[in-house]
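Combine the two chains into a complex, taking the hints into account.
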Amino acid sequence: MIAAVALLAGIIAGLVLHPTVPGSLEPYLPIAVVAALDAVFGGIRARLDGIFDSKVFVVSFVSNVVVAALIVFLGDKLGVGGQLSTAVVVVLGIRIFGNAAAIRRHVFRA
Amino acid sequence: MTTQNREQGPALLIELVNQTLDPGYAAAAARRNGAQERPAVPRRAAAALAAGLIGFILVAAYVHANRGAPRSAKVHDALVAQVRTAQSAGDSLDAEQRGLTSKVDSLRNSALGTSDASGLQREELLAGAVAVRGPGLQVTLRAPKVSATPSPNTRQGSVALSAVSALSDRDVRSVVNQLWASGAEAMSVNDIRLTPTSAIRFAGEAVLVDFQPITAPYVIRAIGAADALDTGFAASDVASRYQTLSAAGAIMFSFEEEKSLTLPASAIAAPQHASVTPTAGATR
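In the order they appear, the protein sequences are chains G and R. For what it's worth, my numbering labels the leading residue of the first sequence as 1, then goes sequentially. For what it's worth, my numbering labels the leading residue of the second sequence as 111, then goes sequentially.
This is chain R alone, in the form it adopts within the complex (with noise of 0.2 angstroms):
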C-alpha cells in the first residue's frame, strides 16, 4: 500500500464530514457573484414540486411503517377475543350439562329403588360420571421458567419446541399410569377427571386430556389409600425419574399425601353405540 493509498481514505472521510453543504450551493453562488435576482418563475415552481414531493415521500414513508403493525395487532386481538368467547361459550354449556345431570341423577334416584339407586351409584362410581372425595396423593410437575430469546440457530420467528414444553403427554401419562398401578382408585389431571376412556395426547404444544388442553404445572390428583399410594408411587421408577430430572433442575416435581381430595366430574356422555352383548357372561 502506497503512502498516497493510506491517506486518500481518510482525506475522503474527512471530506464527507466537513462539507456536508451540497457544493452545488456555493458553485451557483459564485456564479451568480452574489447578485440577489430574484429566480424565474419554472424554477421556483420547479423547487416547490420538489419541496411538495418530499413532504409527500417523508409522510408516506411514515403510513407504511405505521400501518403494518396495528393491523396485524388487530387480527391477533380479534382472534384471541374469539378463543375466549368459544371457551366461556364452552365452560357454560359444561356448566349446564352438569347441572342438567344432577337434575336427572336426582330424579332417577327417586324413582329408583334403593338397591337399585346405590348399585348405580357404585357404577358411576367407577366409571368416573360422579365426583369423588376422598384421601389421596397429590402430584405435581412443573416446567422451569424458560427464557423466551429463541436460540441463533433457529429460524426467525420459530422456537424450538424443546425449549417451550420440557413436559409432555409422555410424561403425565407415565405419572397417571403409575399411580393406576399403585392402586388409585379415582383420578383427575388438572381438575380433568379421567375415566375409563380418557386420552392424553399431545397437539402442537399442549397436552390434551379427553380433548381439552391443559398447560404446566400438571396436577395429578390420585383417590386411594393415601398411605399404600404414596410408597407405591415413591418407590417407582417413574418418581426416582423425575426426582433426578428435578435435582438437575430440569423440571419442578413433587408428590404429597392429602386428607381429603375431591375430583370432579368428568363430562364424558355414556357410550351411544357400544351396548352390553346379550350372553355377556358367556363371552370368551
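Pulled out of the complex, with its shape left as it was, chain G reads as follows (with noise of 0.2 angstroms):
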C-alpha cells in the first residue's frame, strides 16, 4: 500500500519537477525503464502472490538497474551498446509479460 502510494508521489514528483535527463545518462534511460517496469510487475504479483518482500523487491530494483546500467556501459567502451540494451530490454520485457500474465490470472481467475 505504503509503496503504491510512494509510486503515485513519484509520478506527481516527476511532473512537477520536469526533470531534464542529463546526456551522459541518455543511453541508460531505456534500460532503467525496463528495470522499473519490471520491478513494480514483479513487486505486484509477489504482493498477490501473498509473498511480498520490500527488502527484496528494493534489492532487486536496485542490482537490476545497476546490472542493466554496468552492461550497456561495458557494451558502450567494446562497441555493442546497442545490442546488448537490446538483449537487456529482451530479457526483462519477457519478465514483465510473464508477471503480467500472473498478475492477470490473480485478478481475473482467468
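Keep in mind the hints are simulated off the structure, nothing from the lab. One thing to keep in mind: the hints can contain errors.
Listed next, with one range per pair, are the computed distances between beta-carbon atoms [unchecked claim]:
#, chain 1, residue 1, chain 2, residue 2, range
1, R, Lys-213, G, Thr-20, 52 to 62 angstroms
2, G, Lys-77, R, Val-185, 56 to 66 angstroms
3, R, Arg-141, G, Val-67, 21 to 31 angstroms
Below, a sample of chain G positions facing chain R; criterion: calculated Cβ distance under 7 angstroms [to be verified]:
#, residue
4, Gly-14
5, Val-16
6, Arg-95
Glycine included, each C-beta is placed from N, C-alpha and C at the ideal position.
Now the structure itself:
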C-alpha cells in the first residue's frame, strides 16, 4: 500500500519537477525504464501471491538497474552497446510479460 | 557440439519464460516460513523510496521523450511563419511598386508628346518594362512525382539531389535560349518576365529567375509569330531532347501554340550606374 502511494508520489514529483536527463545518462534511460517496470510488475505479482518482501523488492530493483546499466556501459565501451541494451530489454520484457500474465490470472482468475 | 550444450540453450529460454518472478521473493517467503510478521519500518521506508524512484524514472523518461519533438516542431513552424510573412511583405511591396509605376507612366505619357510617348513605349516593350500580350508558344516542363524515401545508401536525413529535382536551371535556360533563337519577342518563366538582364540560376534545390525562386512545373511563355515559333522550337535539338526524356518517363514535357498570352511587366528597376556614352553612335 505504502509502495503504491510512493509510486504515485514519485510520478507526481516527476510531473511537477520536469526533470532534465543529462546527456551522459541518456543511453541508460530505456534500460532504467524497463528495469523499473520489471520491478513494479514483479512487486505487484509477489504481493498478489502473498510473498511480497520489501527487502527483495528494493534489492532486486537496484541490482537490476545497476547490472543493466553496467552491461550497457561495458557494451558502449566495446562497441556493442546497442545490441546489449536490446538483449537487456528483451530479457526484462519477457519477465514483464510473464508477470503481467500472472497478475491477470490473479485478478480475473482466467 | 555436445548433447548437454544443445539442451542448455532451450533450457535457459524456458527458465526465462517460466520463472518470471524474481526467485528472491520465494526464497524470502520460505525463510519467513509463511509467518506474516510486519516488516521493520526502515525496510518499508526503503521500499517506498524505491517505488517513488521508479515512478520518478518513468515520468522522467516520458518527459524526456516528449520534450524534444514539440520544440523542434515549434522552431520549424516559427521559421515557416517568418518565411510566409517575408513573402507576403515582398508581394505587397511588389504590388505597390507596380501601382506607382503605372501612375508614373500615365503622368509621364500625359506630359510627353505623342511621338515621344510612342517611342518610349516601344523601348519599354523591348526592355520588358510593361506587360505585353500576343500570340505565342507555351512550354511546360514538369518533374515526375518522386517518392520521398531516401535510398539506403545515403546518410540519414539527406536526400539525393537528383531525386528531388530532375529539372535544373540548365533545362529552363536551354528552353528559353531556344525560344529566343526561334524568334520569341518576349518571354516569361512561371510569370516572371525575362528582360535583357535576366539571369536563370540554380541555388540549393530551387531555380532562381532574377533571384526569385520558382519550383516545378516550369511554364515558359513566349510571344512571337506563333507558327514560326512552334515550327522552329519543334525542330530544335532542345525540343527533341526533352521529347526523348519525356518518352522515357524521366520528365513531363509539352508545348502548344496559344492564341493569346499575357506576360507581366518585369519588376527590375532602371539601370542606376550604366549611362549612355556621349558618342554612342561612334564607339566601335
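A quick look at each hint next to the structure:
1. R:Lys-213 - G:Thr-20: 52 to 62 angstroms: 59 angstroms, holds
2. G:Lys-77 - R:Val-185: 56 to 66 angstroms: Violated, at about 35 angstroms.
3. R:Arg-141 - G:Val-67: 21 to 31 angstroms: 23 angstroms, holds
4. Gly-14: Holds, because the Cβ-Cβ distance from Gly-14 of chain G to chain R comes to roughly 3 angstroms (cut-off 7 angstroms).
5. Val-16: Because about 9 angstroms separates Val-16 of chain G from the closest Cβ in chain R, which is outside the 7 angstroms limit, the hint is violated.
6. Arg-95: 5 angstroms, holds
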